[in-house]
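The listed protein sequences derive, respectively, from chains A, B and C. Sequential numbering from 1 applies to the first sequence in the UniProt record's numbering. Sequential numbering from 1 applies to the second sequence in the UniProt record's numbering. Sequential numbering from 1 applies to the third sequence in the UniProt record's numbering.
Since the hints were made in silico from the structure, they are not lab data. Watch out, some of these pointers could steer you wrong.
[Said to hold, decoys possible] Anything over 12 Å on all C-beta distances counts as not near chain B; from chain C, calculated:
#1 R35
#2 M118
#3 G128
#4 I136
#5 Q217
#6 L240
[Said to hold, decoys possible] With a straight-line Cα cutoff of 20 Å, these simulated DMTMM-like cross-link-like pairs (lysine to aspartate or glutamate) come out:
#7 A/K95 / A/E378
#8 A/K323 / A/D52
#9 C/K94 / B/E267
#10 C/K94 / B/E185
#11 A/K367 / A/E354
#12 A/K95 / B/E267
#13 A/K117 / B/E32
#14 A/K95 / B/E187
#15 A/K117 / B/E185
#16 A/K95 / B/E152
Source: prediction; values computed, not measured. We treat Cβ as the ideally placed atom computed from N, Cα and C, and that holds for glycine.
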Amino acid sequence: MKRLLLAAIFAAALPHLASAEDPIKIGYAISKTGPFAPAAQTQLNAYQLWADKVAADGGIDVGGVKRPVQFVVYDDQSDFGKAPAIYEKLITSDKVDLLLAPWGTPFHFSIVGILEKYHFPVVGNSAASTTIRDVKPGNIWFTTSAIPDHLASELVKMMKSAGVKTVAINTLQLPFSQEFKKYLMPAIEKDGGFKVVVNEEYAPDTKDMTATLTKIKQAAPDAILSLSYPPDSVLFMKQERELGINAPFQLVLIGPTDHFFSKIFGSNLDGTITMGHWSPAQAKWPKAKPFYDAYFKKFNEPPDYLDSALAWMSIEVLEQAVKKVGLDKDKLRQEIASDTFDTINGPVKFNGVENVTTPTMYLQFQKGEAQIIWPASEETAKMIKKPAWSQN
Amino acid sequence: MKRAETRRHLPFISGLVAAVAAGAMLVTWGDEYAVGVGLTLVMWIALVQSWAAFSGLSGYISLGHAVFYGVGAYVMVAGWQTLPIWLSVVAAGLAAGAVALLLGWPSLRVRGPYFVILTFGLAEFVKYIVVSIEAALGRNGRLLIGAPGLRELFVAMLFLAVLSTTGLYALRRSRLGTGLIAIREDEIAAEAVGVNTARTKLVIFGLSAIVPGMVGALMSLRFTYFEPMQSFSPVTSFTIVTIAVLGGSDDVPGPLLGTVFLVALSELLWARAPELYMIILGVLLVGFVLFAPEGIYGKLRSWGRGGAR
Amino acid sequence: MSVLLSGQLLAAALALASLYALVAMGLNLVYGTMRLLNIAHGEFVMLGGYVTYWSFTHLGISPLLSMLIAPALGACLGMLIYLVLFRRLLRSPKLAARVEANSLLIFFGVSVIFQNVMALLFTSTQRGYVYLDQVINIGNVAMTANRLILFGVASSACLLCLAFFRYTRAGSAVRAVIQQRDASALVGIDIDRLNIMVFALGFALAALAGVLVSMVQEITPFIGFPFTISAFVIITLGGLGNLFGSLLGALLLAAVEVYGTAIISSSFRSILVYGVFIAVLLVKPEGLLGRAVVAR
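Produce the complete structure using the sequences and hints provided.
Here's what the structure looks like:
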């Protein structure tokens, strides 16, 4: 009798034991090679940080059961044409249980069709365009609040509160900058309180900005807005410094959140305003500083305040959803669409595809740290005027 | 066709039939991933066969064929939800052909390395013009939602691959094609024996752009996202030339073999070791140019003839 | 209008021109003597940049010292590539008949290899360092010290090269080969040895440019290609094989980039550059200073 009982207990325990051992597969593609690889690196780092954490924890919690994770990672070679094929492979051939998002707006968009086809929910991160609202909700969500139309209207408010009267704008001819400008110009006009003294655009691969900067210097505006991507952001700032162009309000759209800028510009980065909505200094978000520290420990440098943070947020949403409802796609979809998640960036809740709880914010570097300076409800520090460039 | 002629063309026709049959089987029974790979395969075949029709036969290496691909894609996105898709595809091909005639007319007067870098320069020139136009229109990348599915695209692309392969095959055995080959061997002599070199080059250059234009249009449906820097990317031009070098560009089997080889290598490697894949590709390219300049097809042929050349 | 006449714009144009000239000269040398289309030239610039970056951040070696080290390494690498790859190409009559096309493809393979080896070794993350970046004001022109050094070193190197070609025996031999390859062999010039020297020099110049580039901009494994393109535009403008022409071409390109965008708009920068390039190729394909090319 005892033997039978033992056998029964054993038999009952067996499936439980078996499922605890079964690894789940999580897959993604990211630009490991090609021109976007430098930019995608910080997101990849966040993913790898998570992989370490998951391995150390013995797995992730799937509906109450801890299961180890096997990652399947591919390189999309900076070719957003390859992304759909890769994600299709992940779903149909590698049979992954969960997916993480690739890097960058075009890549997110290129996989939407595949996700819809297979009804496979993915929490997106590094995509920011008003076009996300054209995407049917249900299979992809975007954690970022740095959407161009919000960004533009907040920027105008922010400039107004800083007493800006004259503005110089220099825009790169690539999608995100162009989209930002598309919303910025009408917002500026509608407000009526600004005068745009320089409004230039430049093509990708520009190697010298002296002409535009000389015009800006002559115009001596209150605000200089460089709607640029990282390589030209570096060029712009370097040449700004060279020419000694000082203005109290300086925005560099993309780039400064990457530690590379701190390395190159040092204290000259202070006062630069950039887009982003995460800072380890925000006491309201207890998970923020630990993430910063963990990232720093592994990579010996601070995370990218934009991409690394967004990537981690998307991971948190996914982890929490999976913990609650397991791997069933429909349940996950429901859960992600309706619940509020606790992330390093505070609470995140989606309405449709968009994250509506995180306000659109702006960061400013002060004493080497990224502080949230806008809006006032979220600020970790007050906005300062950009000090004059140190030319030594 | 007379009986003897039919027999001569039999290998080609049967090859074509076999390919179409294989394609049909793939579409019917293949899983998504396999069809995706198939699409990539027939896409490159379509592109390289068209390229070879001009550059392979004439020796004028065009390093800017991506421009026709991009033009085709642009026509598709411009006509999106305004024109029916099939019409856009045809328009894309015609637009690309027109662009080729426009670009070719001045540039085909230029020879050798000048032509190579000129075609590259022209492709980049058009690319940045499109970037400017999009910027002026306030467009920041275009999303095409609701495009046809993978299998439909595959069938269309298979058709284009068959079209360009047949085109190359027919051209090579035609008077026009012979004229082009004569130009490759010795342009001055060709002129001397009465080949209208300027017209021959221009016509075929124009024709060689049509299929790439249609390919570009179809692929924009696959990617569902258009952005000029990507759609006009020089990588496309370079990949075409790479395949032609690997496989051979003199006759139909060359690009076919080259594409299969490249796609197979790519499938084998990019998943596991992406940087390694590119490095191996570079090494292969160098090796082929030095040791097998006629490509795989040329090597096979010389082995077929038995013994060293 | 005052912007156009400013000293600042002139300084920017000159700095850019000097860098372009340095990169173009190496490319022109290799093309002029051997008719090889080196589209991997930019990768040697990139390698020079990484050597400098790594030496500075890991070994504390000043970039000024790297200006001697990197070109030496570049020369060695160049010679190696010549001996392993191109000697074979040039000696085989079949391959040499289509030497431009074949060299283009070989160099393309080489560039792919270099880019991805560096991506493997260093990851694709952008790299940079800060060195001598104090801003120096001369009159109403402001420039960082490293940009001034770039201008000084690049222009001196170019002028030294030109002097070398003009006044030394080895240099005259190179010019002879550029003018008339077969005849040069007849008068006793050791073509093979000259080729090795040209490769060494050409790639050394590229590596030197890389050192200078790394001082003023960030480097990634993929920064080479735009330099290659600019170099090709320049040597085409100046005349393929015409060494003095590449100086002129560099000045012209830099002027278009800096002044052209000042006049019209920066948004047309690339259109202008390629437009000028195409125009020259179509109107005078042998370049502004080149002699009319005999049809090949």
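Which numbered hints fail = The structure conflicts with hints 1, 2, 6, 7, 9, 11, 14, 15, 16, although it agrees with all the remaining ones.
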